[in-house]
Amino acid sequence: MSVPSPRLFLVVVITALFIPSLRAQAEIDDPVIQRSIEVLLEMQEGDNNAEWPYEGVYRVGGKIPIGYRVGGTSIAATALLLTPGYAKDAKRQEAVGKALAFVLTSLEDPRMQKGFNKRNYDVRGWGHAYALLFLLRLEEAHQVPKSKATQVKAAQKWLVKTLQAMSIPESGGWNYSLPRGPQSPRNAASPFMTGPTLQALFLAKSMGLSVNASIVKRSLDALERGRTASGGYAYGSPPTKSLAKSQEDKLRFMHKKPGSVGRMCVAEATLALAGRGDQKRLKDAVDSFFKFRKELVVRKQKNGTHIPPYGVAPYYFVYAHHYAAQAIELVTDETFRKAAREKLRKILLSEREKDGGWNDRVFARSRNYGTAFGMMALQMARLPAIPSWQQL
Numbered sequence: 014m015s016v017p018s019p020r021l022f023l024v025v026v027i028t029a030l031f032i033p034s035l036r037a038q039a040e041i042d043d044p045v046i047q048r049s050i051e052v053l054l055e056m057q058e059g060d061n062n063a064e065w066p067y068e069g070v071y072r073v074g075g076k077i078p079i080g081y082r083v084g085g086t087s088i089a090a091t092a093l094l095l096t097p098g099y100a101k102d103a104k105r106q107e108a109v110g111k112a113l114a115f116v117l118t119s120l121e122d123p124r125m126q127k128g129f130n131k132r133n134y135d136v137r138g139w140g141h142a143y144a145l146l147f148l149l150r151l152e153e154a155h156q157v158p159k160s161k162a163t164q165v166k167a168a169q170k171w172l173v174k175t176l177q178a179m180s181i182p183e184s185g186g187w188n189y190s191l192p193r194g195p196q197s198p199r200n201a202a203s204p205f206m207t208g209p210t211l212q213a214l215f216l217a218k219s220m221g222l223s224v225n226a227s228i229v230k231r232s233l234d235a236l237e238r239g240r241t242a243s244g245g246y247a248y249g250s251p252p253t254k255s256l257a258k259s260q261e262d263k264l265r266f267m268h269k270k271p272g273s274v275g276r277m278c279v280a281e282a283t284l285a286l287a288g289r290g291d292q293k294r295l296k297d298a299v300d301s302f303f304k305f306r307k308e309l310v311v312r313k314q315k316n317g318t319h320i321p322p323y324g325v326a327p328y329y330f331v332y333a334h335h336y337a338a339q340a341i342e343l344v345t346d347e348t349f350r351k352a353a354r355e356k357l358r359k360i361l362l363s364e365r366e367k368d369g370g371w372n373d374r375v376f377a378r379s380r381n382y383g384t385a386f387g388m389m390a391l392q393m394a395r396l397p398a399i400p401s402w403q404q405l
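Residue numbers (my numbering): 14 to 405.
Because the hints were derived from the structure by calculation, they are not lab data. Cβ atoms here follow ideal geometry from the backbone N, Cα and C, with glycine treated the same way. Among the hints, erroneous ones may be present.
[To be verified] Per label pair, the in silico range of CB-to-CB distance:
| id | residue 1 | residue 2 | range |
| --- | --- | --- | --- |
| 1 | Arg199 | Arg48 | 44 to 50 Å |
| 2 | Arg48 | Lys170 | 33 to 39 Å |
| 3 | Leu405 | Arg132 | 33 to 39 Å |
[Unchecked claim] Simulated crosslink set (DSS-like; lysine-lysine; CA at most 25 Å straight-line):
| id | residue 1 | residue 2 |
| --- | --- | --- |
| 4 | Lys359 | Lys315 |
| 5 | Lys304 | Lys315 |
| 6 | Lys218 | Lys230 |
| 7 | Lys218 | Lys254 |
| 8 | Lys104 | Lys367 |
| 9 | Lys161 | Lys76 |
Whole structure, please, built from the sequences with the hints as guidance.
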């Protein structure tokens, strides 16, 4: 197992803690990013134009669930916040300020409280994870309005507590689908949700919030149980038995390596940040992303979700590119990192919509989510890093 030296991580942590406010002062030097900002500002909607709701096939009472509204808004606001020039951009500040008010108010909604709906499919936890990342990044960049400082800090603490309470009991991890009921340890953990949630908790811990190490450990264990013999990651990690010895020909279609193209990078990046990383596995995840990316492309902006041959859902498309960018920046081999970074940039540019931005769904509204993740992927090398859990 390859673990970077404490000195290296000290530099990374110090950089992550003190550079964001300086990055926010920088100027935008990329017309693609500038257009992405414009797309997001144009797409803000809802009451008081405060939202960027993510839109997928899942509905509650025929409407976009509150978890998608909070999560999508948080992702878009984070992208605007972290992009250079924010501190001098009144339009972005106004948009993010409205988003902040929406997120804080929505966290009081009964549908966003600790719990799970009766259908055992609930996306509020997804909203919690990205709301926490947004509120932490806002504080980290010294951009929390004074009038909201107390409320933001209280929301951060509440989100950490709620996410921990909603982790899968005993077996660890998180999932928006808990067919055995939310109290059962026999549910599978979703790498799609577990990776980002853990990263939010890593950042929370680095900023002084109390995070339960046992829950983190169980959830990391859950991620690792989902890794197969080929290095792919199952759609859901088994609650007990590891898939480490499971060969491709013995796996269900959704668990095969080509089908894990959207999950490998976020899983390996999260494990690397937790001190459980391996540079060989990390590079393989990046290489596999490029090798099997065609399985994402054929599902981009298509109807249906998990259909054969590999069960790749359209919602993995921009998500996969975003976390591939993160994994690339965690590779220590500079030659590999630079080449992969440039390769990914060319791919991202080729996948843009004609009028700017990115969209992986058949829904026009989901272009906000795609654009936010796409523009952050392009800028990953200069975005503040998630700190190492091992060094906290």
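Now for the hints, and whether the structure bears them out:
Separated by about 47 Å at the C-beta atoms, Arg199 and Arg48 satisfy the suggested range of 44 to 50 Å. Under the hint 33 to 39 Å, the C-beta atoms of Arg48 and Lys170, about 37 Å apart, fit the expected range. A hinted range of 33 to 39 Å for the beta carbons of Leu405 and Arg132 is consistent with their spacing of about 37 Å. Between the alpha carbons of Lys359 and Lys315 the distance comes to roughly 23 Å, so the proposed pair stays at or under 25 Å and holds.
With a C-alpha separation of about 21 Å, the suggested pair Lys304 and Lys315 falls inside the 25 Å cut-off, and the hint holds. About 14 Å separates the Cα atoms of Lys218 and Lys230, which keeps this hinted pair within 25 Å; it holds. Of the supplied pair hints, the one linking Lys218 and Lys254 is violated, its CA atoms being roughly 29 Å apart against a limit of 25 Å. Distance check on the hinted pair: Lys104 and Lys367 sit about 24 Å apart at the alpha-carbon level, within 25 Å; holds.
This hinted pair does not check out: Lys161 and Lys76 have alpha carbons roughly 29 Å apart, beyond 25 Å.
In summary, the numbered hints that this structure violates are 7, 9.
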